[in-house]
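Participant: So the sequence lines, in the order shown, correspond to chains S and W. Counting along the first sequence from 1, when you hit position 63 you're at 63 in the working numbering, and nothing is skipped either side. To get the working numbering, take the position in the second sequence, counting from 1, and add 375.
Worth flagging that the hints you see were computed from the coordinates, not collected in a lab. Wrong hints could be hidden among the right ones.
Distance ranges between label pairs, derived from CB positions [claimed, not checked]:
1. W/F822 <-> S/D26: 25 to 31 Å
2. S/G20 <-> W/F901: 54 to 60 Å
3. W/N724 <-> S/R129: 45 to 51 Å
4. W/L714 <-> S/Q135: 38 to 44 Å
5. W/L714 <-> S/D26: 19 to 25 Å
6. W/D899 <-> S/E164: 39 to 45 Å
7. S/T82 <-> W/P719: 23 to 29 Å
8. S/M356 <-> W/P719: 58 to 64 Å
9. S/D138 <-> W/F734: 47 to 53 Å
10. S/D178 <-> W/L397: 38 to 44 Å
11. S/Q135 <-> W/A404: 54 to 60 Å
Heads up, the beta-carbon is just placed ideally off N, CA and C, and yes, glycines get one too.
Spelled out, the chains give:
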Amino acid sequence: MAEEGLMTKTDGDEFVVFDGVQKSYDGTTLVVKDLNLSVPKGEFLTMLGPSGSGKTTCLMMLAGFETATSGEIRLQGRNINTVPPHKRGIGMVFQNYALFPHMSVAENLAFPLEVRKIGKSEREQKVRRALEMVQMGDFGGRRPAQLSGGQQQRIALARALVFEPELVLMDEPLGALDKQLREQMQFEITRIAHDLGITVVYVTHDQTEALTMSDRVAVFNDGRIQQLATPSDLYEHPANSFVAQFIGENNRLMGTVTRIQGDACIVRLDSGDEIDAKPVNVIRVGDRTQISIRPERVETNKDRLRDGAHTLQAEVLEFIYMGDIFRTRLRVAGHDDFIIKTRNAPDQIRHQPGSMIDIGWLPDDCRALDAPQGT
Amino acid sequence: MLTADGVPLRRSLNRALRRQKLRAMLLIAPLLVFVLITFLAPIGDMLFRSVENQIVSNTLPRTVASLSDWDLASETPPDETVFRALAHDLVIATELKTHTRLGSRLNYEASGMSSLLRSTGRDVEDFGEDLSASLADLDPVWAEPVTWADLLGDPAWRAEHESWAATGQRSGAPAFQPSATALTALPRTTEIYGAFARITQEVNGRNLMRQDPWHLVAITLIEEIKADPAAAQAFAGEHAARLAAIAGADLAQADFTAAFADSNDRWITPTPWSVIALYAAPYTPGYFLNAVDLGKTPEGIAPRPADEQVYIMLFMRTLWLSLTITALCLLLGYPVAWLLANLPARQANLLMILVLLPFWTSLLVRTSAWKVLLQRQGVINDVLVWIGLIGDDARLVMINNQLGTVIAMTHILLPFMILPLYSVMKTIPPTYMRAAKSLGANDWSAFWRVYFPQSVPGIAAGCILVFILAIGYYITPELMGGARGVFISNRIAYHIGTSLNWGLAAALGTILLIVVLVLYWVYDRFVGVNNVKLG
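Just chain S, with the same shape it has in the complex (with noise of 0.2 Å):
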């Protein structure tokens, strides 16, 4: 469902736009390779990957303090390489909040709008206003440095917001903060995003942030968007081993492609067991494949399993118990990092390390992606 409501969006309305751009600081290298994207009015969008993939690049594009070496980003259909930062209106929260020191709340929440000339009286209720909206209304008079972590990035937020900007950046914003806050703070900004309709482009490393904020998520790697899907779609349908691996845990098993049936495809994985699984890049028969199954959707139990479907023997080496769940890991086919996940019900087998036990999954649930380089 939410699926066809972004199909909608993404219709047409182009907020921002960015047409084949390439970023190199260096002239021998890119760092950000023609890249495309369009973003619709009102999306939580999330530039999501590791360090060095290109992503705050082109953020810091998108906000001004990089130009792009080559390509156009548009902003509302309008060609913005040209325009300097401060007359671009974007918001932009930064990783380690940048709040003026030396201004108290209040006055660092005034600063955009003083400088746009607003008069004291609606600069003062807008301040009030953006405080209220954050839950900090009686943190005015503070200084940023007697405030904590999570009281920082209310108001960097805050600041961000405070000029009504249409389209908000984001910097890996909750970088800094401890884990329970990271979630309550994940909330409230998918929450205020919402709320005002604004469009947000959100850069992160962290996976789940990523797949719990976003309406949609573009995968960077190697300069390139790898992936650009919804957060169901990218965790259940990854593109290519690299989004499989960075999205979630995967279990990888390696193996060649023996024969493509349309929807299925039957793989001899190197130890010598044939599987069924889902061709997803891989075009022909012979080609080399990197099978990636979830932890959560391998099953042990027979009987649930689709009769005639492949099965493996399985070596139980190691059962973790981690409360709400079961971590059991396997040797499969030689590999001897299977992971399999089990919930923790009352019927459910604690299997015992050194015990052989078949697994089995659904072919939807086994993905034959290319093979990484290498291998």
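Fit chain W to the given chain S structure using the hints.
Facilitator: Showing chain W alone in chain S's frame:
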């Protein structure tokens, strides 16, 4: 709060920390001792010298005491008593050769005092020569040194002295002891003979029995006997008779006023006396008054003559030029520090080396290089003439004036501005500027409202450092400043090294110190010393 074993927590903590503190103290002890001995003690001594004035009352104790009755404002010199006291003091001072030092000291306050004291010092020994000669005429025994020793000395001391003389030793003579009789009957004569005996024996190392007493001793004896003939009765035997003879003889009265007038007629004007009286106190504000172009006069504190007024002007010039230099350093240093803090590491390191390069060159060399560049026939003038910007006859005067001092000192002090600025700017993350721009501020207001306020601690530190260094600078103004570009410190150096007026140098130095402290206080009020960040 108690610890588990019942000891108060605070005491237990103190005990635990004591060892640590002791070790810390031991570690800094050598430096502390070094600083105390080589820095604080000399400074304390200099500060003390700026008010210390014991030389007058130590050298002329009797004069100072008798002058207390004299009216400072009077048009006439004091009476005979004071002249006699001065003769008394001067005889002792010339024997000890302290009168020249006194002369130098008083000469700071009124010129001519040094030569006056020197010339009279040469004559004072002979004051009353005729009187002592007439005493010898009356009875030749008065020409014998032994007569005096017998009359005024303690008999036990005389016996001891005789037995010492019999051994034929040259040193170790027993020191003169006045007899009780002499002390009560002839107190003043005994006192001055005592002074004579002490100087003869201890200072000159001579045999008291072979040295003629000063004429002053004879004069004093005549005066005392004439004033109180009964004093002769106190003595026994031949002493009584000899003293009675003096009482009965017709001997002239000593006239010290005439003697001084004869030596130098300035003594019969009130001027030298008022100088002595004004600067008689053991502690004087005189040096400080002098340091701010004031002086003590009989009418009170008054400005010095216009041609001697130099220090206020020098202080003002020092402050003004130091401010100019500080402002120039800030103006030139701020962009460089900003570049240093924002360039990539490689270029920043190169630039840093260029900034630090002057530190590796001798100050004297750098100053001399500026001399070469700035002088009339120097490089800059040559280039300007060569490109035709100025005529050969209109070469710019850039040295031996304030311009020269300002140029050279700005260059020399620039690193002291750049380094604190840099260390502060280094801590300002570039995201602040970015944040300001993303919030809609243009380059200038992002700088002025966000970056600049955060660099203020560096500005504060740099300005304090440069200003305080500049205000006490010596070598560069000395070499570059000529007559019009010198600082107060050059004057201090002159008084330390050339005029030897250490009291004035100390007073000038103290004022400089106070000015700096006051400025520091003002600065603290307005900028806040806690805002200062040196690194």
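Participant: Does each hint fit the structure? Answer for all of them.
Facilitator: Each hint, compared with the structure:
1. W/F822 <-> S/D26: 25 to 31 Å: About 28 Å separates the Cβ atoms of W/F822 and S/D26, which means 25 to 31 Å holds.
2. S/G20 <-> W/F901: 54 to 60 Å: 56 Å, holds
3. W/N724 <-> S/R129: 45 to 51 Å: Check passed, 48 Å falls within 45 to 51 Å.
4. W/L714 <-> S/Q135: 38 to 44 Å: 43 Å, holds
5. W/L714 <-> S/D26: 19 to 25 Å: 21 Å, holds
6. W/D899 <-> S/E164: 39 to 45 Å: 43 Å, holds
7. S/T82 <-> W/P719: 23 to 29 Å: At roughly 25 Å between Cβ atoms, W/P719 and S/T82 fall inside 23 to 29 Å, so the hint holds.
8. S/M356 <-> W/P719: 58 to 64 Å: 60 Å, holds
9. S/D138 <-> W/F734: 47 to 53 Å: 51 Å, holds
10. S/D178 <-> W/L397: 38 to 44 Å: 41 Å, holds
11. S/Q135 <-> W/A404: 54 to 60 Å: 56 Å, holds
Hint violations for this structure: none, all hints satisfied.
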